[in-house]
Amino acid sequence: MGVDGATGHLYICGSHELSKGECTRHMATQGRKVKAVYGNYGVLLALCDGWELEWMSPEATSIAKSLHDVKVHQLAFGKAHTAALSLDGQIFVWGDGEFGQLGMGATVSSSDRPLKLRQSNHLTFTSVACGGYHTAAISNGGDLYTWGRNFEGQLGHSSQAAQFGECEVQNGVFHHPKHVSAFLNTKCHQVACGEHFTAVLSRQGDIYAFGEGQSGQLGIGRCTKSFIPRKTLPSIDATDPFVEIACGWAHALAVSKSGRLFAWGFNQYGQLGLGDTTSRFLPEEILSCHQICHVYASGNYSAAITRDGRLLSWGNGSRGKLGHGHEQHVLQPKVVDSVKNLYVQSAACSWDNMLAFAPTWISDVQPKCGPLEGGIQLSIFGSGFWESDDLTVRFVPLTEGRLPRAVLATFNVQSGIITCELPKFSVPGIFAVEVAMNGKHFTMNNHEFEVYVPPTCTFISHNELSLEDHDAMIHLHFQGEKPKSALTPCIRWVSDNPCFVPCIVPAVYDEIDVETNENQEERKVDDVEPREPSFMMKFPPPQFTTDIDELVVCRLETSFNGQDFVPVRIPSNAASAPPQVVCFHKAAIKRCSPNSMAFSDKKMTMEIQIAQLFDIGKFVCKARYSEPENKETPYSVATANLSVVAVKVSDQVLQCIVPPFSEWAVQIIAPVVETSDTEEDDKPKKPAPPPKKLSWYQSQKWLQAEILVSLNGGLTFLPPATPFANILHGYTHGELEEVQPTSGPISGGTIVRLTASNLLFDTEDSTVAVEYEGDVQTVSSYIRTMPESNLRCVTFQIPSFETNVATTSGQGPNQPALQLKPANLRLSLNGLSFGESTVSFEFYKNPYVRSIEPQIANPGALLHITGSFFKTTPTIKGKLEKEGGSYSVDVIVDYREEKAGPCYKVEVPKLGAIADGELYFYVALNGQQYATSEFAKFVYADQPEAPPSKEDKKKH
762 MGVDGATGHL YICGSHELSK GECTRHMATQ GRKVKAVYGN YGVLLALCDG WELEWMSPEA
822 TSIAKSLHDV KVHQLAFGKA HTAALSLDGQ IFVWGDGEFG QLGMGATVSS SDRPLKLRQS
882 NHLTFTSVAC GGYHTAAISN GGDLYTWGRN FEGQLGHSSQ AAQFGECEVQ NGVFHHPKHV
942 SAFLNTKCHQ VACGEHFTAV LSRQGDIYAF GEGQSGQLGI GRCTKSFIPR KTLPSIDATD
1002 PFVEIACGWA HALAVSKSGR LFAWGFNQYG QLGLGDTTSR FLPEEILSCH QICHVYASGN
1062 YSAAITRDGR LLSWGNGSRG KLGHGHEQHV LQPKVVDSVK NLYVQSAACS WDNMLAFAPT
1122 WISDVQPKCG PLEGGIQLSI FGSGFWESDD LTVRFVPLTE GRLPRAVLAT FNVQSGIITC
1182 ELPKFSVPGI FAVEVAMNGK HFTMNNHEFE VYVPPTCTFI SHNELSLEDH DAMIHLHFQG
1242 EKPKSALTPC IRWVSDNPCF VPCIVPAVYD EIDVETNENQ EERKVDDVEP REPSFMMKFP
1302 PPQFTTDIDE LVVCRLETSF NGQDFVPVRI PSNAASAPPQ VVCFHKAAIK RCSPNSMAFS
1362 DKKMTMEIQI AQLFDIGKFV CKARYSEPEN KETPYSVATA NLSVVAVKVS DQVLQCIVPP
1422 FSEWAVQIIA PVVETSDTEE DDKPKKPAPP PKKLSWYQSQ KWLQAEILVS LNGGLTFLPP
1482 ATPFANILHG YTHGELEEVQ PTSGPISGGT IVRLTASNLL FDTEDSTVAV EYEGDVQTVS
1542 SYIRTMPESN LRCVTFQIPS FETNVATTSG QGPNQPALQL KPANLRLSLN GLSFGESTVS
1602 FEFYKNPYVR SIEPQIANPG ALLHITGSFF KTTPTIKGKL EKEGGSYSVD VIVDYREEKA
1662 GPCYKVEVPK LGAIADGELY FYVALNGQQY ATSEFAKFVY ADQPEAPPSK EDKKKH
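The sequence shown begins at 762 in the numbering used here and counts up by one.
The set of hints was computed from the structure by calculation and includes no laboratory data. Predicted model only: the values in this text are computed from it and were never measured. Among these hints, one or two may not hold up.
Straight-line alpha carbon distances no greater than 25 Å define the calculated DMTMM-like cross-link-like pairs of lysine to aspartate or glutamate that follow [unchecked claim]:
#, residue 1, residue 2
1, Lys-1364, Glu-1467
2, Lys-1638, Asp-1655
3, Lys-1347, Glu-1390
4, Lys-986, Asp-998
5, Lys-1698, Glu-1614
6, Lys-1409, Asp-1257
What follows is a list of derived Cβ distance ranges for each label pair [stated by the list, open to error]:
#, residue 1, residue 2, range
7, Ile-1512, Ile-1675, 28 to 34 Å
8, Glu-1272, Glu-783, 56 to 62 Å
9, Ile-1675, Asn-1519, 48 to 54 Å
10, Asp-1651, Gly-1678, 17 to 23 Å
11, Leu-1164, Asp-1232, 47 to 53 Å
12, Met-1234, Glu-1148, 46 to 52 Å
13, Gln-1461, Asp-1412, 29 to 35 Å
14, Glu-1534, Ile-1675, 42 to 48 Å
15, Glu-1388, Asn-1519, 17 to 23 Å
From the three backbone atoms N, C-alpha and C, an ideal C-beta is built for every residue, glycine too.
The whole structure should be built from the sequences, with the hints applied where relevant.
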């Protein structure tokens, strides 16, 4: 902790009235700086700010007054005496001095107030320790001095030749500090005392012990006692010396530089931590997953602190002093759970209590970096925090000549986290984060925080991606320095659709080897030319968990610190620039309309229907035709750029202009000629064949070209949603051949099939022009393969034309059929340009029935039907049908020319009782469109009426 100490929390466990067997916080020291904690036997205390002693055991008022002007640096406790080391290296003693343990001479057998050790006038000490009835101290020069009881050899004052009896008589008690001559050539680093033995750690990292040894506490094997220091444990090696020792009543602990822990001595309660209760007469390593940095012992239990600040305890668990919530003995080092989330810096052990200090300690700062303008939330993790109105976070620059910044912070009791808003900085750099719970005493274990100038985003590699492209890596280019502490930047994808949760993906840094312009063309960077620092981020697209079949637009946000995300704007220094978005899609070409173009057409406007169409301003449309690839002879590839004239995102339509075939660029692809490795490199090569001068399409009647649409400037092109959806057919107008049927009523409605040559592809864009007496009407049509054959035909419906001929009853009953002029039909495969070939279609007026005789007809009766516009055709059909269509039957219509005029004869077949009642007569001259009138009806009787009987005649 150092001389200054630190604020934090003290925890006590054991028989103390505050603890009562539980690990409890000592609130009296909260807010005060704790310099150190000490304990042994029945004494436990904390050295606080102002060099005050905070006793956890009964305090003598005279002692506090006597030490009022002494800056106590260290304390050690014997069974009934105490030694205090001042900051200037002087030792003060008080208590029982029966065995000379006070070092004040034989005349001072006890003292209830601190006395300054007389040898301290010409000596300064760095550490002091007390056994049951003896005291040891190390001088500033590394010399060991001991005094007090020496019946067991614990002072080390003897010669190797002397017998035990002589030593006990001659060297039994030393009333004054005496240098231990055995260490004349060995400098000491630390001394620790047990009840009747002493352990010493040399500056070289070796461990020596002397005194009572019947329980193995000397670690030199079985022996009763040793009056001279014996080497217990040499350094493991030069790189891993021992750095700290501790002694209990009759056991000892030692920890090496690498964190290895060794123990030896009395083990009745498992205080050696070896998993059993067998004493050890030689040091044995405690195998643990923890790396130890400090060890403590008292009585028959032990404690240690790991390098990450975890408190361990084991051994005698009576009075609950181990802090594990019970009084059972613990045979192996165990983490004290009640303080496992705290950083414990030091501990002290007495016989019945253990004291642990968790300073105000910063264990982590999140995030590790922040922007120069501040404003983000900083979270500080650690221990030794509490609620305080004066809680302050300070940012101390690690560069000299700069002033620190400080802000007030808040502490969340539930989470145990301190939060503050990052202040605005004037310059970037590395700052040390410090916390002061009282606004004055700041932490010393500072965590670095980097303040950076946000780099400028200049380029993104993808504005769109297919939802099926899972292996793509997106690149963002930045100008400026990347934060040095931002080792793992990340990207957040935020969709406009609330159904998709924001997705965070990791990013990695990389260098930019080339500069990329807006057209994504790359050029090498001139290494000589100085340029601003730049770097790249690479990251994957979001992984959508469900089968998405819709356009997903995501905003792109970057974070250098993993916490605070900023929308990407290009250029990022333009606040008005919209946030960068990336469109994830399954865009595909659904249809090209029209999907054909005549070779003779000058140009054509085409509408391309695209599923999930979006506009990022990078449309590229092309048409491409390629002859079959041939490895032996040259073949042609023709391409054309289609100019985009309109984008209708809401209608999912892209409108563009297709240039005439004569303007398409033609490239002749020459076959690759494999050359032998033995041929000379400078052998003249054949020049590439010249492009074709003649029109490349003239020799063809029909071809298929691909329509290529790119939404990203030509990096990738959309697939067709269905086969042939992106095909443009080039064709030569063919000859019209025949129509079926060949005639129809002038009122229109006839469904016509038209055959022609060069119908080599299906389309829904074709149009038929019907011309009748100067009136031209165009109707939509489609081209499909007829189901009854493998030939394609054009299917369409004849429109209606007006005629001045009336069909009212005012005309004569037997008006003959009108001779109407035929209509001419012309075909356009793409609905825009029509061929020259025509075919005729006959018009007629539908027959108008005025009378049927007889009005009551039985099976076999011959109906005589008269009316207007009667005529016959090869395709004439007739039928009898009930009103509403519930019953219908086809009949043969016989056309006859009589003196009274044209008529139809129909023989009534036997229809059955189901047809009884009123029937209507229908006639279709083209076999498709039936016509009737209100007069075209009669009554059908399936059974003729029986003649009257004699009885009936008598009645009448």
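Checked hints:
| no. | hint | in the structure |
| --- | --- | --- |
| 1 | Lys-1364 <-> Glu-1467 | holds (17 Å) |
| 2 | Lys-1638 <-> Asp-1655 | holds (10 Å) |
| 3 | Lys-1347 <-> Glu-1390 | violated (30 Å) |
| 4 | Lys-986 <-> Asp-998 | violated (28 Å) |
| 5 | Lys-1698 <-> Glu-1614 | holds (9 Å) |
| 6 | Lys-1409 <-> Asp-1257 | holds (21 Å) |
| 7 | Ile-1512 <-> Ile-1675: 28 to 34 Å | holds (30 Å) |
| 8 | Glu-1272 <-> Glu-783: 56 to 62 Å | holds (58 Å) |
| 9 | Ile-1675 <-> Asn-1519: 48 to 54 Å | holds (51 Å) |
| 10 | Asp-1651 <-> Gly-1678: 17 to 23 Å | holds (19 Å) |
| 11 | Leu-1164 <-> Asp-1232: 47 to 53 Å | holds (50 Å) |
| 12 | Met-1234 <-> Glu-1148: 46 to 52 Å | holds (48 Å) |
| 13 | Gln-1461 <-> Asp-1412: 29 to 35 Å | holds (34 Å) |
| 14 | Glu-1534 <-> Ile-1675: 42 to 48 Å | holds (46 Å) |
| 15 | Glu-1388 <-> Asn-1519: 17 to 23 Å | holds (20 Å) |
In this structure, the earlier hints numbered 3 and 4 are contradicted, and the remaining ones agree with it.
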